[in-house]
Amino acid sequence: MLFLPELTLLGASLIIFIISLGKADGDTTNNIAIGLGVAIFGATVLSYSQTGKLFFNAYQVDLFSQVFKTLISGAMLIVLLFGYKLRGIPVKVQPEYYLCMFVSVLGLMMLVSSVELLSIFISLELSSFAVYIMVPMRDESGNFRFQMEAGIKYLLFGVAATGFMLFGMSYMYGLTGSTELSVIVTKLATIWDTPAAVIAMMMVIAGFFYKLAIFPFHFWVPDVYEGASNETTAFIASVPKLAAVAMLIRLISLFSGEGKIILNVLMVCAVASMFYGNLSALIQKDIKRMLGFSGIAHAGFVLLGILTFQITGYANAMYYIIGYVLMNLACFLVICTVSENGENLLIEDLSGLHKRSPIMAFTLAVGLFALAGIPPFVGFMGKFMLLTGAYVEGHRTVVILAAINTAIAIYYYLSVIRVTYASDPEGRASVYPTVLTSATSVFLLAFIVIMGIFPQQFVDYAATVIKSIM
Amino acid sequence: MDKFLLYSNEYPHILSTLIFLPLAGAILLLFIRNESFSRYWALGITTFTAILSIPLISAFDKTSSKFQFVERVDWIHSLNIQYVVGIDGISILLIMLTTLIMPLCVLASWSYIKTRVQAFMVCLLIMESAMLGVFMALDFVLFYILWEAMLIPMYMLIAIWGGPRKIYASVKFFLYTLAGSVMLLVAIIWLYIHNGYSFFIPEMMWHNYSSTAQIFLFLAFFLAFAIKVPMFPFHTWLPAAHVEAPTAGSVILASVLLKMGTYGFLRFAIPITPEATMTLAPAILWLSIAGIIYGGFTALAQSDMKKLIAYSSVGHMGFVTLGIFALNTSGVEGAILQMLNHGITTGALFLCIGMMYERTHSRELRDATGVGKYMPIYVTFLTFFSLSSFGFPATNSFVGEFMILAGTFEHSIWLALAAIPGAVLAAAYMLRMLQKIVWGGTDNPDQSWIKDLNIREIFTLAPFLFFVFWIGLGAQPFIDLIHVSVENLLTKYHGYHGQIVAVTNLIIQ
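Chains as they are written, first to last, in the working numbering: chain C, 1 to 470; chain F, 471 to 979.
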């Protein structure tokens with residue numbers, strides 16, 4: 001039971017692998033994949049309350065990991081649901097595409113349970129390598145080849161980040177003589193201020209900064225978002241970020257309150273991410289690029305919660321990343337639905353969407369208003385709690401800079417809403433979302449609103465979850 | 471906490487009902503796809519809300535400056551955010567104005583809005599909920615959430631149903647207002663930390679925050695509220711938004727949204743940062759004068775009727791801020807009364823222009839010249855509202871402006887003298903418009919095809935006229951409602967400064 005979600009994923013990957021040997025048509029593969037997605041989600045829910053240790057204490061199943069596994073499989077299921085036509089992926093590689101997605105999710109699930117440096121490394125690589133393959137899998141009929149560039153970029157930056165991480169891990173091992181996090185913490189506790197410990201910690205964190213796309217490990221974001229197919233981008237923009245935040249919380253909560261230098265570094269990274277992301281997003285024409293830059297800015301906000309080194313701060317960060325994934329998925333749902341043949345969408349391609357498909361326009365508007373941090377949606381509550389938490393800890397300058405960033409960010413979100421609601425379609429075709437897509441979007445919208453109006457329950461629960469690993 | 475609050479046994483949930491009824495109406499309306507039904511539905515809901523709000527007046531305790539009809543529920547426990555609403559003399563008139571004006575906005579959009587009627591009505595109803603909530607909220611986070619949430623439906627009203635330059639206008643409106651209130655959020659968090667981790671507004675008032683902190687807080691308030699008013703250098707979004715918005719949008723904007731800025735000054739800036747208010751009041755007073763004169767001159771130069779009224783709003787709201795920062799009884803009471811008056815008069819003028827637009831499809835003054843001959847009822851209404859707009863005796867604005875000027879004289883004779891030309895300018899531009907519309911010249915376009923107002927339009931305008939004369943001839947009941955709260959505000963304000971002077975003297979001795 002402890003290993004049930006992972007085993008289900010492995011089984012699902014095997015089934016898909018067998019399908020990939022034959023010649024199933026697209027629809028069958030899609031339906032099977034969605035069925036498997038539901039099964040995986042069910043498995044995570046079933047093993048929700050499990051606790052225990054596996055593999056010589058390298059693998060810890062606790063409330064924290066199980067919550068994140070449920071979230072990860074849930075987010076994956078949503079991506080499967082709205083991207084189920086896989087319009088941007090050639091039919092002949094669709095089974096392989098699903099195979100890679102499942103393997104990547106397997107890596108992420110293992111990651112949130114890992115409490116030992118080597119298992120962390122292996123899980124992270126497992127999840128990354130699968131995604132490296134997913135990025136270039138894109139229909140070439142439109143004669144665009146930038147998916148190859150995107151794939152290479154993602155790979156090179158990923159490998160560089162991994163290199164940093166391995167190097168940091170070697171320092172940690174050298175300083176403490178152990179690869180187990182629990183041992184490392186007790187040994188490092190006495191030497192937090194030494195340069196070697198700081199460098200080791202920062203380098204390990206760098207690997208997760210890469211996944212979360214925090215400055216200065218964000219360079220892959222715009223090109224990969226643009227180059228990968230819409231469905232892949234939706235996946236990259238949401239699912240791995242959950243795991244990255246989980247690992248950041250797990251690592252940084254270990255040395256709560258110690259280490260002034262690390263705090264300063266985190267602050268600089270957070271503020272730089274916000275400014276870089278928001279200012280670059282202002283001039284984007286491609287909506288996926290824009291969302292990529294906005295994702296960098298949002299990652300900066302998440303860091304704002306983590307750098308408080310308080311349980312409430314971690315809980316706020318967790319609440320925020322869940323909210324962010326929901327809002328982001330709502331936007332990508334619209335992109336995947338509006339894009340007819342899986343081509344990239346410019347912002348102006350959304351013109352007059354409120355006439356072409358009212359529900360898609362509404363979903364997009366709510367998603368973007370929520371990302372912009374307008375109440376009563378989850379984005380506002382998340383930002384508000386992060387700002388309050390950081391201010392209570394005395395980080396006034398960071399709070400003011402973050403507040404200024406909210407104002408900057410409004411413009412580019414609003415310019416998308418502007419074309420969807422105020423422009424004319426100018427002959428662009430109507431969009432007819434399927435019932436499944438509409439239902440998914442209603443579900444996302446409902447959650448965006450509910451989490452925004454009643455944050456208490458969610459944050460409290462997040463705090464209990466985080467207490468379980470402290 | 472309870473020393474500020476007065477619960478009502480008779481009407482325990484009246485405020486929440488007023489806030490949530492339009493919202494519930496909007497949510498139900500989402501599921502209905504019938505255009506004519508959605509018109510009647512919105513009219514029914516807003517009328518019902520208006521009727522429900524009448525007990526607020528009858529059961530309001532005029533002798534108390536406490537917040538009344540209070541409801542309090544814990545909302546977000548970990549941050550100590552509460553759902554707490556209540557009204558006092560400063561907010562009651564604005565709430566009544568909002569509830570009464572909304573059914574008229576629905577009526578004014580009856581035939582004006584032809585596309586996506588259902589969505590339009592949903593936006594109007596959500597607006598009503600948010601606006602009422604802003605005036606009632608006693609928790610700063612609740613206030614901020616509603617203050618911001620209001621932007622979405624208002625943006626939609628302008629961006630979807632607006633005029634030719636609606637994109638520019640709506641984005642400008644949204645950006646200005648949102649960018650202005652960002653620092654307000656930081657100020658709220660600062661106050662939360664320095665008030666024992668509480669967002670309860672009355673407990674934030676009249677504390678000895680340090681002078682520097684007060685100045686920064688005041689600047690944060692000022693930026694948010696001055697943009698909303700709008701005060702002179704921050705006014706540029708207003709003409710654009712007014713001109714492009716549909717009639718109902720303009721009315722809501724002029725009658726209610728602008729008042730939120732001045733309401734913010736009264737509710738937050740003065741009580742929370744009295745020392746900074748004292749320091750910065752002269753600057754704000756002169757900005758008000760600049761707004762009055764600038765608004766007047768610019769209005770005089772307009773050929774677009776909606777723009778004319780929009781700039782006149784800048785001038786009128788300049789009078790309101792002038793009265794508020796004169797900081798004496800007649801000034802502040804006049805300002806609150808003038809907020810109501812401006813809501814009535816300017817709202818009515820926008821309705822009049824909207825009715826003309828429905829006929830001629832032009833907002834140009836040139837195209838509306840000389841309709842007096844063919845639209846006698848229309849010009850009768852227009853005349854009264856125009857007279858009211860420049861403060862003709864026996865109309866509502868006369869009382870308000872007179873009190874404001876009296877208060878300003880008490881404060882400083884130079885300021886009052888500087889404001890007088892504004893009143894003259896108002897007469898000049900309103901009479902110019904009125905003359906052209908009623909008579910025009912020898913080169914009037916052919917207006918004989920124009921039909922006069924129909925019954926629905928008369929019903930829309932009549933309530934405004936009623937209030938123009940009621941306040942103009944018998945303003946006392948209105949002043950009675952606000953008097954105790956204003957006195958309480960000013961006593962505490964002057965008491966606060968008395969205390970500081972006493973302490974300083976003590977130190978010097």
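No lab work stands behind these hints: they were computed from the structure. Please note that the accuracy of each hint is not assured.
In silico negatives: residues of chain F with every beta carbon more than 12 Å from chain C [unchecked claim]: (1) S581; (2) T647; (3) A657.
Computed list of lysine-lysine pairs in DSS-like fashion (alpha-carbon distance at most 27 Å, straight line) [said to hold, decoys possible]: (4) K355/C x K532/F; (5) K187/C x K285/C; (6) K584/F x K355/C.
From the three backbone atoms N, C-alpha and C, an ideal C-beta is built for every residue, glycine too.
Checking each numbered hint in turn, tell me which of them this model violates, lowest number first.
2, 3, 4, 5
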